[in-house]
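Put chain X on the given structure of chain F with help from the hints.
Each chain, letter by letter, is given below.
2 protein chains.
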Amino acid sequence: MEFYRWKQDTDGPRLGEIRTPHGAVPTPVFMPVGTRGTVKGLTPEDLKSLGAGMVLANTYHLWLRPGADLIKAVGGLHRFMHWDGPLLTDSGGYQIFSLAPTREIREEGVDFQSHLDGSRHFLTPEGVMHIQEALGADIIMCLDECTPYPASREYVQGSMERTLSWAQRCQKAKTRKEQALFAIVQGGMFADLRRVCVERLVEMDFAGYALGGLSVGEPKEAMMEVAAESLPLLPEEKPRYVMGVGTPEDLVELAGMGADMFDCVLPTRNARNGMLFTSSGKIAIKNSQHREEDIPLDEHCICYTCKHYSRAYLRHLFMAKEILAYRLNTIHNLWYFLELMRQLRRAISAGTYEQFRVRFYQQRRVHSGS
Amino acid sequence: MEFYRWKQDTDGPRLGEIRTPHGAVPTPVFMPVGTRGTVKGLTPEDLKSLGAGMVLANTYHLWLRPGADLIKAVGGLHRFMHWDGPLLTDSGGYQIFSLAPTREIREEGVDFQSHLDGSRHFLTPEGVMHIQEALGADIIMCLDECTPYPASREYVQGSMERTLSWAQRCQKAKTRKEQALFAIVQGGMFADLRRVCVERLVEMDFAGYALGGLSVGEPKEAMMEVAAESLPLLPEEKPRYVMGVGTPEDLVELAGMGADMFDCVLPTRNARNGMLFTSSGKIAIKNSQHREEDIPLDEHCICYTCKHYSRAYLRHLFMAKEILAYRLNTIHNLWYFLELMRQLRRAISAGTYEQFRVRFYQQRRVHSGS
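From first to last, the protein sequence lines stand for chains F and X. Residues in the first sequence are numbered consecutively from 12, following the working numbering. Residues in the second sequence are numbered consecutively from 12, following the working numbering.
Hint data in this document are derived by calculation from the structure and do not stem from the laboratory. Quick caveat, the model's predicted, so the values are computed rather than measured. Keep in mind that the hints are not guaranteed to be accurate.
Any copy will do: because identical chains look the same in the list, a pair fits if it lies in one copy or spans two.
Stated by the list, open to error - List of simulated lysine-lysine pairs, DSS-like, C-alpha gap at most 30 angstroms:
| id | residue 1 | residue 2 |
| --- | --- | --- |
| 1 | LYS188 | LYS249 |
| 2 | LYS83 | LYS249 |
| 3 | LYS83 | LYS318 |
| 4 | LYS83 | LYS297 |
| 5 | LYS59 | LYS83 |
| 6 | LYS83 | LYS332 |
| 7 | LYS188 | LYS59 |
| 8 | LYS318 | LYS59 |
Extracted from the complex, chain F is given alone in its bound form:
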């Protein structure tokens, strides 16, 4: 992997490109989440037509089912899921934290129960490298402990030390040169611990750095504060990835602070729940006001869904639980997020990020009627 920066304000928004063995993506980039090796309801061709550059898949889910060795045996995750573009796999740390019914974290690794069948599993940093090498993504992540919120300073410090020691073990265990290994910064909401974590990880020299342990229940301000303090500490010449984030507002704010990469289930999960993002705010498609609306979801949107279907039809499909509802809604929400990133990159490129940001919030205020 290579990372080029085309444009950068000091401690401000950056424009760049991540080049991987499976192609290049412009940054800042939003990665749709393909949890189990599929972005729910969409084909890779759909993703390309939406302009998705890089896709994220979950190590935890794929390791439990169908298994990393199986995926390796049939040619790796790219081939398995028919996605020939850039691909990132996470380490499973977040899923163990959020999905496993029970878990015990030790220095050696983490012992946890599968959310699928309650079976017990043990994952080590070395094991996670082995799994991600079997999957074969272009960018792989170190195993981290996703620190819960709230947590005592003492707990957060111990957890951060563990994440550091695991990062070192991951680096040592990694064997495939064509894969880029990113480290994950932990440290909870403690600025000094985050700083120590960044410094020690940067010393180890990774291909990229991620902020982890955000969007875990903390107030939005706390998240933004951590990001604002941590992002400038990261090396300029490496991609900066804010994991599991976020809302459209988060993306605009964090890109403004110099973040390069994002992933979040928000657009895809909300789509399946009938919550749709539009230029005039969020729409709950099940609401009866949309029953006879012969207009697109968003009249300013040029996505496939908005070009060809009315709110009335989308509501009908959603109420009838038709499979096509999930697909059309996902197309629209992902288009909204990916189009926002395109506009953001254009603004950064033109040196008009601040104007873009002001307009972005103005538009929201106008439509929310305040």
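Relative to chain F, chain X alone:
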């Protein structure tokens, strides 16, 4: 609607074309079923790329939800579902027979409960015409009583008489010239009653004729006997439609008897249940033997699914209940049916239907190992 016959053996297979205000389709034609205004999981663009010519939608389902008046208000069913090709709506007779928890059939019409919420509804032949005119399909069907199997001769005769009287009332009630009205032949498994029904309907002069009340639990031989006796009685110059049928074997047999149109949920429903049609027989994708199979569903198939995905991936998606499983399986099964129809038409065109039929069964015998 116009119907052209290009080729016809006496009482044998026919090759033709149905021309509607929304385009022409070659016959014999298999119509994918879009129950609630969507062929589950697929877009109209998907259907076109599969070569689907005409789509069927269900009056019963659309009338109950979201309602025919709503669909009319937003521009009719074509526009609502974004399908600009030929479209047929059935009359609801079959759904009232198969889905409604309770029903009472009277001369005036049928009183039944909705399977959605148990609410009571009353449908008359005139009402069904009104609904289908609101939906605006190119071909619409008379309200019939789908006679159950088994049933006494007395019951079948009364039921057939009612279907005849309802057909006349439908014809009288119909107002939109651009829609073609087809009548439905009933008469159970009694050859003489079917004959009487055909004769009386033909006297009334409809744009096309359907065989109804088949595939309702009768033995396959009974169905084939009824079809073999009834199809030749229908006017040569009108399309002949066998409703709700059938398996690949049924399509080959009935086309051989001069049937022009078919519809069935078999390929789409089986797809969602993981039962897939291949040139070497049916596959249950959940079976563990497919777990690591890095081969397409059907090595002789050139559909999107077979071109890009392995059985291992399709099994993974199906076991994980991923939405994409239903879509990829549906694409494959529909391609199988529509490709069978293309091969059938080519054989009829070349005058080699009999050879095609022999080869079709030979292939099956080889693969079933007998």
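Evaluated hints:
1. Within a single copy, LYS188 and LYS249 get their C-alpha atoms as close as 17 angstroms, which meets the 30 angstroms cut-off; across copies the closest is 68 angstroms, which misses it.
2. In the homo-oligomer, the alpha carbons of LYS83 and LYS249 lie at most 30 angstroms apart inside one protomer (29 angstroms), although the nearest pairing across protomers, at 57 angstroms, exceeds that limit.
3. When the C-alpha separation of LYS83 and LYS318 is checked against a cutoff of 30 angstroms, the pair qualifies only between copies, where the shortest distance is 20 angstroms, while the shortest distance within a copy is 40 angstroms.
4. Proximity of LYS83 and LYS297 under a CA criterion of 30 angstroms is satisfied inter-copy only: 20 angstroms between copies versus 42 angstroms inside one chain copy.
5. Taking the shortest alpha-carbon separations for LYS59 and LYS83, only the intra-copy value of 24 angstroms comes in at or below 30 angstroms, while the best inter-copy value is 35 angstroms.
6. For a Cα distance limit of 30 angstroms, the shortest separation of LYS83 from LYS332 across copies, 22 angstroms, qualifies, whereas the shortest one inside one copy, 35 angstroms, does not.
7. For the homomeric pair LYS188 and LYS59, the shortest alpha-carbon distance inside one copy (27 angstroms) is at most 30 angstroms, but the shortest distance between copies (44 angstroms) is not.
8. In this assembly of identical chains, the alpha carbons of LYS318 and LYS59 lie at most 30 angstroms apart whether taken from the same copy (17 angstroms) or from different copies (18 angstroms).
The structure is consistent with each of the numbered hints, conforming to all of them.
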